[in-house]
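Using the numbering used here, the letters of the sequence shown map in sequence onto residues 339 to 468.
The set of hints was computed from the structure by calculation and includes no laboratory data.
Simulated DEER-style distance windows between Cβ atoms: (1) P433 <-> P464: 33 to 43 Å; (2) V415 <-> Y387: 17 to 27 Å; (3) L437 <-> V384: 15 to 25 Å; (4) H431 <-> Q407: 18 to 28 Å; (5) P404 <-> A448: 39 to 49 Å; (6) A448 <-> P393: 38 to 48 Å; (7) A383 <-> A423: 15 to 25 Å; (8) A448 <-> G395: 36 to 46 Å; (9) R430 <-> F409: 17 to 27 Å; (10) D394 <-> P464: 48 to 58 Å.
Using N, Cα and C, we set each Cβ at its ideal position, and we do this for glycine too.
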Amino acid sequence: MCSTGRPRTKSCPTSWRSGSRAMRNAPSGATTTSTSRGAHVTGAAVLSYFPRRLPDGKGYRVVIGPELQDFPGDDPVADTARLGALLEAQIRHHPEQYLWVHRRFKQLTADYPDYYGRDPRPDPGPRKTA
Numbered sequence: 339m340c341s342t343g344r345p346r347t348k349s350c351p352t353s354w355r356s357g358s359r360a361m362r363n364a365p366s367g368a369t370t371t372s373t374s375r376g377a378h379v380t381g382a383a384v385l386s387y388f389p390r391r392l393p394d395g396k397g398y399r400v401v402i403g404p405e406l407q408d409f410p411g412d413d414p415v416a417d418t419a420r421l422g423a424l425l426e427a428q429i430r431h432h433p434e435q436y437l438w439v440h441r442r443f444k445q446l447t448a449d450y451p452d453y454y455g456r457d458p459r460p461d462p463g464p465r466k467t468a
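The task is simple: from the sequences and hints, build the whole structure.
Structure below.
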């Protein structure tokens, strides 16, 4: 779901201010809690899936895991950390599959370290509360 309450599409507004620093062994980064929040709102089951590139550019194999049990929980940040741990485990098993050039930290605000040497970063401003 978008923050506006609509179903998620490419046109959903994105705000890292509602994100979480939930990845355990990665540097602090904005990680959205939308999977947990969407599952909570819709009651939808959540499955993990991991695409893997086949050798010689012969396509992809998608591995779909079982339904996550007890998801979502009471804490969207804990849920996000759980999803991050699943992703981290896949990266550890298949590091060659991870897009290492992805700049995960490119939209972080001034309260985060400057990973790319591009200061000044935008000031986060006052945080909105619902």
